[in-house]
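Undergrad: Here is how the chains run, residue by residue.
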Amino acid sequence: DVKVTQSSRYLVKRTGEKVFLECVQDMDHENMFWYRQDPGLGLRLIYFSYDVKMKEKGDIPEGYSVSREKKERFSLILESASTNQTSMYLCASSSGAEAFFGQGTRLTVV
Amino acid sequence: LAKTTQPISMDSYEGQEVNITCSHNNIATNDYITWYQQFPSQGPRFIIQGYKTKVTNEVASLFIPADRKSSTLSLPRVSLSDTAVYYCLVVGNDMRFGAGTRLTVKP
Chain A
1 DVKVTQSSRY LVKRTGEKVF LECVQDMDHE NMFWYRQDPG LGLRLIYFSY
51 DVKMKEKGDI PEGYSVSREK KERFSLILES ASTNQTSMYL CASSSGAEAF
101 FGQGTRLTVV
Chain B
111 LAKTTQPISM DSYEGQEVNI TCSHNNIATN DYITWYQQFP SQGPRFIIQG
161 YKTKVTNEVA SLFIPADRKS STLSLPRVSL SDTAVYYCLV VGNDMRFGAG
211 TRLTVKP
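Chains as they are written, first to last, in our numbering: chain A, 1 to 110; chain B, 111 to 217.
Keep in mind that a hint or two might mislead.
Stated by the list, open to error - Stretch by stretch, here's where chain B covers chain A in the computed footprint (C-beta under 8 Å, at least three residues):
| no. | region |
| --- | --- |
| 1 | 31-43 |
| 2 | 46-60 |
Said to hold, decoys possible - Here are some, though not all, of the chain B residues that point toward chain A, as calculated from beta-carbon distances under 7 Å:
| no. | residue |
| --- | --- |
| 3 | 156 |
| 4 | 160 |
| 5 | 210 |
Worth flagging that the hints you see were computed from the coordinates, not collected in a lab. Idealized CB from N, CA, C, for every residue including glycine.
Just chain A, same shape as in the assembly:
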């Protein structure tokens, strides 16, 4: 069974903290993605990567960075968390048009 695993289901962090969201896939996929989802806004692409050590900005990269040191792992980093980054974060991987999603991390920044 294919799997995309996000490190936390729920997370509460303080304003200004550096936050790491981890995503691991076991399907040997080249492409990995980070999205955030807010009510009424659908999924918005933050960053994506199509190879190890490669990254591309999505539509809303401000305030975020990513790291892909190994093919199976794609990390999203909030350099200095702010309350407007409170959201559901979803990771996905794909090798073509079909993507597989993790269960999501609901991050609350207080």
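For chain A, the structure is supplied; the task is to place chain B on it using the hints.
TA: Just chain B now, kept in the frame of chain A:
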């Protein structure tokens, strides 16, 4: 980047066929069209993909005209459990979701 436009919401009744149309006017030659379904508190789930003409699987059908500027997802005989948000995507090197279509199936 091919942007997609689809209705914000649709209502249907159990047992009916539902067709959701998506427009993607500037789709590129190598792009595929895919549809995803999302239930609350879950990540999206792949339903179907196509390049042109018609594709059918056990869940849905996808109709794509020759110019590929639009596509229609067809869900046969919907049930209450098909209530979800449906996203149309044009997939090239990236994977961008729009706001989706919120389908509500009523008894």
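Undergrad: Look at each hint and say if it fits the structure.
TA: Here's how the hints hold up against the structure:
no.	hint	verdict
1	31-43	holds (count 7)
2	46-60	holds (count 5)
3	156	holds (5 Å)
4	160	violated (9 Å)
5	210	holds (5 Å)
Consistency with the previously given hints fails for number 4 only.
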